[in-house]
Amino acid sequence: MSHSALDSGPAAAGSTAALDPGPGQPEAGSTPQLRKRRRSFLPYGLILPAAILELLIHIGPMLLGIWIAFISLTQLNLTNWLNAPFVGLQNFINGLNPESTIGQAFFSTVGRTLGYTILVVGFSWVLGMAGAVFLSSNFKGRALLRTFFLVPYALPAYVGTIAWAFMFNQRDGAVNQILVDTFRLFGDERPFWLLGENSFGAMVVVNVWQLWPFAFLMLMAALQNVPTDVYEAAAIDGATLWQQFRRITLPMVRPANGVLLMVMSLWTFNQFNIPFVLFGASSPNEATLISPLIYQNSFGSWNFGLGGAMSVLLLIALFIASVFYIRMVLPKGADND
Amino acid sequence: MIETRNFRILRNIVLTVLSLWVAVPLYVVVSTSLKPLKDVSGLFQWIPHEITASPYLDIWTTVPLAKYFQNSLIITICATACSVTVAVLAAYAIARLQFKGKRAFSLTVLSTQMFPGILFLLPLYLIFTQIRNMTGLQLQGSYLGLIITYMTFTLPFAIWMLSGYFASIPKELEEASMIDGTGRMGALFRVILPVAKPGIIAVAVYSFISAWGEVLFASVLTNEATKTLSLGLKAYASESDVFWNQLMAASVVVSLPVLIGFILVQKHLVAGLSSGAVK
Numbered sequence: 460m461s462h463s464a465l466d467s468g469p470a471a472a473g474s475t476a477a478l479d480p481g482p483g484q485p486e487a488g489s490t491p492q493l494r495k496r497r498r499s500f501l502p503y504g505l506i507l508p509a510a511i512l513e514l515l516i517h518i519g520p521m522l523l524g525i526w527i528a529f530i531s532l533t534q535l536n537l538t539n540w541l542n543a544p545f546v547g548l549q550n551f552i553n554g555l556n557p558e559s560t561i562g563q564a565f566f567s568t569v570g571r572t573l574g575y576t577i578l579v580v581g582f583s584w585v586l587g588m589a590g591a592v593f594l595s596s597n598f599k600g601r602a603l604l605r606t607f608f609l610v611p612y613a614l615p616a617y618v619g620t621i622a623w624a625f626m627f628n629q630r631d632g633a634v635n636q637i638l639v640d641t642f643r644l645f646g647d648e649r650p651f652w653l654l655g656e657n658s659f660g661a662m663v664v665v666n667v668w669q670l671w672p673f674a675f676l677m678l679m680a681a682l683q684n685v686p687t688d689v690y691e692a693a694a695i696d697g698a699t700l701w702q703q704f705r706r707i708t709l710p711m712v713r714p715a716n717g718v719l720l721m722v723m724s725l726w727t728f729n730q731f732n733i734p735f736v737l738f739g740a741s742s743p744n745e746a747t748l749i750s751p752l753i754y755q756n757s758f759g760s761w762n763f764g765l766g767g768a769m770s771v772l773l774l775i776a777l778f779i780a781s782v783f784y785i786r787m788v789l790p791k792g793a794d795n796d
Numbered sequence: 350m351i352e353t354r355n356f357r358i359l360r361n362i363v364l365t366v367l368s369l370w371v372a373v374p375l376y377v378v379v380s381t382s383l384k385p386l387k388d389v390s391g392l393f394q395w396i397p398h399e400i401t402a403s404p405y406l407d408i409w410t411t412v413p414l415a416k417y418f419q420n421s422l423i424i425t426i427c428a429t430a431c432s433v434t435v436a437v438l439a440a441y442a443i444a445r446l447q448f449k450g451k452r453a454f455s456l457t458v459l460s461t462q463m464f465p466g467i468l469f470l471l472p473l474y475l476i477f478t479q480i481r482n483m484t485g486l487q488l489q490g491s492y493l494g495l496i497i498t499y500m501t502f503t504l505p506f507a508i509w510m511l512s513g514y515f516a517s518i519p520k521e522l523e524e525a526s527m528i529d530g531t532g533r534m535g536a537l538f539r540v541i542l543p544v545a546k547p548g549i550i551a552v553a554v555y556s557f558i559s560a561w562g563e564v565l566f567a568s569v570l571t572n573e574a575t576k577t578l579s580l581g582l583k584a585y586a587s588e589s590d591v592f593w594n595q596l597m598a599a600s601v602v603v604s605l606p607v608l609i610g611f612i613l614v615q616k617h618l619v620a621g622l623s624s625g626a627v628k
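Here the protein sequences line up with chains A and B, keeping their order.
Quick note: the first sequence, position 229, residue 688 per the working numbering, numbers continuous.
Quick note: the second sequence, position 30, residue 379 per the working numbering, numbers continuous.
One chain only, chain B, in its complex shape:
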């Protein structure tokens, strides 16, 4: 819009309100994570009376946080990598190739995105039980079960976004490469993937964030040994007491990997969205 004086005044007001709205909860988390436990209960102190780093040291011993961290990393990275790979292949077929059943496949993938996880939770549990009974393959309480669950749940969005992105890449690019003798798959790997990098990064970030913050399936499909961070943080609250300062410190630590990754790639994210999903 055209920047009149009124526009600038309005912009300053709106952006200040939005910034405060975003900032206050973040400030509460960070400031609480730096307070001693005695200052955390009672009237909330906007300006901490005393600042200490000890919550950041205590979090590792109160709860096996490192173990949960490791579990979350393994599950999330595997799920993201697999999801992106599977989505790239399927999205390329949808965007570039003609085949019977293409519409049915796209429709099925898209419509599964509609349904809440809760509808799949119990059936999936039962199927995993049956697989264990029949083959001995342990899918409950193992990394594998959560990995394939998470990767499948991020697939519809990933396929949909990537196929939009691939479709926006000029066909001439890969045709030139195929004439040079690379073949379809060669064209996909050597021409399409490098050009589609922003879209792929956007999808990977989306998958990573979804899996890292998932609670519902983790609550049923993990056990003490494979528990992820989303459930592990609960342990800072016991029956009688909540270690709010440690809980907040752990929240900061848990958020850092996604936050740093997100900030590094957010430019790609906007670019990927504007040429992929929005069109």
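Bound-form chain A, shown alone:
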């Protein structure tokens, strides 16, 4: 609070001067200027802590990450990394050649991660929308259900994943009990869910379970701003429920929707926690996403240069995406508001 005590002096003088520019105050002309100059330092003081952290933890490492892609960094020179030899584009040539196995793995992983993102975000949005629409009208138990639906989002990410790992894990787990024993879906077979091709689907399920409450939360917040009399008018005109949803609800949530889809896509594209807890440090081939792939290459095979080269490509792709993202989030001319 010492800050505010310091600040109140000149600012107070400034505002009295502005209110009462009497002829008996010769300094009235200079005070607003003084106030303006003092103010012009204040914003920088306010953003300074954030700027330092961003530089030290975000910008600096990002630049260093680009540098790593061009040097030969191994377990041996890790602690003395400033003296690691410069190797030019060698890491890119070794790792990202589409003819080589590593290169093929990289590009198919990018494709798989994109597909994964579309599936997870799509399902999460649909579930979130369903929950938001049906919980926006008032009925008994609404507040309780709303809280309950948010539980998977509030749980630590690894707890939800552990729960699903247990349900998927054994041949006799809860998932197989429901699908095989109750619904007789696979005949006599009891599929393994965390191995081979099934692992991809299992990971999608876990991610949707954790992510959909976020869509639900944001969409519900957006729906609160939709006035109910619009629906009443539409119903009187004979609009069906589906028409009301298409013509009123969807357009009303559109502003929030762009940001929501973008944020969810980013989180999902960058997903690391779920595969890490579900499969351990190395995922099955069919379920490897881009973040775990870079982790495996860097900390699994100690090939930091290769991991770095992959990171740089990812960085470029995300940078392009971020231009679109920022256009959506930040209104143009934010300087002049």
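Just so you know, the hints here were simulated from the structure itself, not pulled from any lab data.
One should not assume that every hint holds.
[Unchecked claim] The list that follows gives simulated cross-link-like pairs (lysine-lysine, DSBU-like), each with its CA atoms no further than 35 angstroms apart:
(1) B:K416 - B:K583
(2) B:K583 - B:K616
(3) B:K451 - B:K416
(4) A:K599 - B:K616
(5) A:K599 - B:K546
(6) B:K451 - B:K546
Given the coordinates of chain A, work out where chain B should sit on it, guided by the hints.
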């Protein structure tokens, strides 16, 4: 929407399906945490044959859970408090003050949110190594390293949400306070912060949840003494055996702090989101 009979029927069906979808994994966790180890393997028992509280007692001795708990609490609380403080100051500058470089600053903060943690992990490790070599300041395997990492990673979202929230507060409120002689900072602390409480709580909850569940940086930046819960829980699974009942009991215990906090403030969370982020 207008509540016709069809609407109500559809609502009941959809909400029942969603409730089951949320409830089944939670039920599996809680029911497994109350079973003796012998009932945990084999065909899953939806209705436990035998109920025991012993997993909840054993978890504290199988693994140094209390120690991990303490580590997680210290790191998460510090990171949340610092993140919220730093974000409030920066968000206020963005929402209310004009200055050169404002757009560049906002753009930088926002764009860093795009990039996955994995891109920062190794470089951050190297930078921390270098800082240790040069100054002796230990950032790996210490609370400090994880605290500043976590607080920075929650900053972009926090700044973005709070600046939206601050911008929605009428300017007249603080102008009145400044005329009364409080100055800008006085207006921020005495007028803006109390009004913005829902937004600040929403941001704090978000930061707390993110830091409490983080795995990636914790896996590289902690050692045995500073290990957090997210990694500590792994110890219930040994090479040969997984103590599923204890793992689930520990999961319940670990989830309680965030869950209780979340339920207490979730009203503020919806209010904070609807006037801050969604606009």
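Original post:
Which of the numbered hints are not met once you compare them with the structure shown?
Top reply: When the structure is compared with the hints, only number 3 turns out to be violated.
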